[in-house]
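For reference, the chains in residue letters:
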Amino acid sequence: MEFVRYDARCGLESSGNVPEKLVLKSLREMDPEAISEVHARYFPEIYRYARYRLSDPVAAEDVAGEVFVRLLEALHAGLGPSKSLRGWMFGTASNLVNDFFRHEYQHAVDQLPDELQMDGADPQQTAERREELDAVQIASQKLTPDQQHVLALRFGSAFSLEETGKIMGKRPNAIKALQFRALNALRRHLAVDQS
Amino acid sequence: MSDMIFDALQECLIALEQGQEGNEVLSRFPDLESDLRPILDAAEAARESARFDVPGDSMQRSRSRLLGHAAQLREERPARGWFGLPKAAAAILTVLFVLIIGSGGLVSASTQALPGDPLYSVKRAAETVSLSLALNERTKQSMKSEYIQRRKDEARALLILDRPESVTFEGYVQVIRTDYWIVDEIKVLVTKDTKIVGEIEPSMGVEVSGMVQPGGWVEAFSVKLRTYTLSGILESLKGDSWVVDGTRFRVDEFTFIEDEIEVGEPVVVFLRVADSGERIALDIREGDESPSRSEDESFSESEPQSSSEGEDEDEADSGHEEDEDVTVSPTPEKIDTPQAGTEQDEDDGPEEESEQDDDDESDDEPEQDETQEPEETDEPGD
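Respectively, the protein sequence lines represent chains A and B.
Going by the numbering used here, 165 is the number at position 165 of the first sequence; the sequence numbering is gapless.
Going by the numbering used here, 95 is the number at position 95 of the second sequence; the sequence numbering is gapless.
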């Protein structure tokens, strides 16, 4: 299976190649090239975000794909992102994941993942890691949507504080507070679950 | 919790991201160490969860699905203008807005716009608004004529500029050749796919809808009969519904009617054909009594050769194999319209159009061509 390497800092906004306004304009016209371009740029990070929160790759692919479909539909209806494209997409991804957890999302996926690609790790470590990951996922689901979102962005996707702030539409100071509370809550739930 | 610990946490996180040792990092904040350590452990656990790359086929699948969806949306797309409104509505709102504010700059800037230009919808919207604000019908009619002229000018400009846009304009048919027509000096490519509505002959007014092609042509999607002159005897007159030579048409308050026209007299009617096929009279005058038509007059257009050898062509058939031109008709001809339920079997060529009755004086060509047999045409209520 071929993997696509992904760099959190690589987004249209920072690349400076094409002004976002022009991109959005082309998208509104359903221009296939623009659509492919935007998909190539953002799918990896949206997928990664969804995968982090959902664990299941099938659900993650579903949610990530749906984010783009919703983007086109919103643009088609004259709505859609006016400011940050990336922020809009992550916001939509977060909503879709939340819907998923509330069982409002159509494709229900019950199982936890049984495939975790680990290179060169020994089975013991893999098993331990798998437990740990599951624990984090389970504990995360007890957090508020905003807390889950910030954890996924800061740690799942490795966005910087500033980038996370842009995506969430919040000031850096607010993100500092939010990430603290999120981690604090995670810690608590992990401790409770482990006992 | 004070802001200090939030800042401290962030600092620690950055340090950890940069690869520093956990204990080393914590040693910077001795007071907060006990609080921070478990938090940093949680951060570590959270980070550990994140190692997934994107499967390539996931991405491909998603991309294919997305492009398919886009194609679907493209097909059903309404034109969206400003504020997400349909373009026409947005354009009209713009014009009204501008008129109210009084700047008019945008509207006047749009007067030069051509189809395909960003301001073209504003231009058309301004026309719509002007029409609706017209004080009386006379003004409205003259505005409409002006706009008809504008469409033609726009088409001409696009042809000169060689811009492939779709255009719709009205004009008079000057020439009908096998593969092309000339409508008000605009070359119109007529193919087997062109939809021809009405039985069209030279000197009739038509509406051409088509696409500007390189080389100065308009390739027509459709050519619709719009105006023509009908000459004949006024057979009946009931309210606003008149019949001349079997053709029924409507008369309205803008129809110019010469005084003292009576049933049974020859008349010349200038008709406009609506999309529904309904004929509306724009002008009704007394017909010429003399058999030798004085209309032979002015129109002599460029094609003098007569196809009086007896070319038989169907009306409005420009896809005929023969290379012979149908010449320009200098005279208005009597047309048997489909509405009147008449059919003309053969068209002898423009020189000759005959009536069924000898004493029908209107629109008889001089019978120069003895070789031609006068055509009998069927008419209802004969």
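It is worth saying that the hints were derived from the structure and are not from the lab.
In this text the structure is predicted, and so the values were computed from the model without any measurement.
A virtual CB, placed ideally from N, CA and C, is assigned to each residue, including glycine.
A few of these clues could be false.
[Unchecked claim] Quick list of the computed label-pair ranges, beta carbon to beta carbon:
#	chain 1	residue 1	chain 2	residue 2	range
1	A	Lys25	B	Leu135	38 to 46 Å
2	A	Asp99	B	Asn136	35 to 43 Å
3	B	Glu21	A	Asn173	23 to 31 Å
4	B	Asp179	A	Lys83	22 to 30 Å
5	B	Ser222	A	Ser36	34 to 42 Å
6	A	Val58	B	Phe221	42 to 50 Å
7	B	Ile14	A	Ser36	33 to 41 Å
[As the list claims (entries may be wrong)] Pulled a few chain A residues facing chain B out of the computed Cβ check, cut under 7 Å:
#	residue
8	Pro32
9	Ile35
10	Gly169
[Claimed, not checked] One-sided excerpt, in silico: chain A residues whose CB lies under 8 Å from chain B:
#	residue
11	Leu22
12	His39
13	Pro44
14	Gly65
15	Phe68
16	Phe101
17	Gln137
18	Ile138
19	Gln147
20	Ala158
21	Asn184
So, going through the hints one by one against the coordinates:
1. Between lysine 25 (chain A) and leucine 135 (chain B) the beta carbon distance is about 41 Å. The supplied range of 38 to 46 Å therefore holds.
2. Checking the proposed 35 to 43 Å range against aspartate 99 (chain A) and asparagine 136 (chain B) shows it is violated: the Cβ atoms sit about 60 Å from each other.
3. Remark: the range hint 23 to 31 Å for glutamate 21 (chain B) to asparagine 173 (chain A) is upheld by a beta-carbon distance near 27 Å.
4. Here the CB-CB span from aspartate 179 (chain B) to lysine 83 (chain A) is close to 55 Å, at odds with the stated 22 to 30 Å.
5. In this structure the hint that serine 222 (chain B) and serine 36 (chain A) lie 34 to 42 Å apart at CB holds, the actual value being about 37 Å.
6. Distance hint check for valine 58 (chain A) and phenylalanine 221 (chain B): the Cβ-Cβ separation is about 48 Å, which falls inside the suggested range of 42 to 50 Å.
7. In this structure the supplied range 33 to 41 Å holds for isoleucine 14 (chain B) paired with serine 36 (chain A), their Cβ-Cβ distance being about 35 Å.
8. A cut of 7 Å between beta carbons decides the hint on proline 32 (chain A): the least distance to chain B is about 6 Å, and the hint holds.
9. Below 7 Å, beta-carbon pairs count as interface contacts, and isoleucine 35 (chain A) has one with chain B at about 5 Å; its hint therefore holds.
10. Using the Cβ-Cβ criterion of 7 Å, the hint placing glycine 169 (chain A) at the interface with chain B is not satisfied: the shortest such distance is roughly 19 Å.
11. With a cut of 8 Å, the hint placing leucine 22 (chain A) at the interface with chain B is violated, because the nearest CB-to-CB distance is about 15 Å.
12. Because the beta carbon of histidine 39 (chain A) sits about 5 Å from the nearest beta carbon in chain B, less than 8 Å, this interface hint is met.
13. Evaluation of the proline 44 (chain A) hint against chain B yields a held restraint, the C-beta minimum of about 5 Å falling below 8 Å.
14. Residue-level restraint check for glycine 65 (chain A) holds (minimum Cβ-Cβ distance to chain B is 4 Å; threshold 8 Å).
15. Hint on phenylalanine 68 (chain A) holds. Least Cβ distance to chain B is approximately 5 Å, under the 8 Å limit.
16. Contact between phenylalanine 101 (chain A) and chain B, as hinted, is not supported at the beta carbon level, the nearest pair being about 16 Å apart and thus beyond 8 Å.
17. About 7 Å separates the beta-carbon of glutamine 137 (chain A) from the nearest beta-carbon of chain B, less than 8 Å, and the hint is met.
18. The closest approach between the C-beta of isoleucine 138 (chain A) and any C-beta of chain B is roughly 11 Å, which is over the 8 Å cut-off, so the hint fails.
19. Residue-level restraint check for glutamine 147 (chain A) is violated (minimum Cβ-Cβ distance to chain B is 11 Å; threshold 8 Å).
20. Here the hint on alanine 158 (chain A) is kept, as its CB sits about 7 Å from the closest CB of chain B, short of 8 Å.
21. With a least beta-carbon distance of about 6 Å to chain B, the hint placing asparagine 184 (chain A) at the interface is held under the 8 Å criterion.
The structure is inconsistent with the numbered hints 2, 4, 10, 11, 16, 18 and 19, although it conforms to all the rest.
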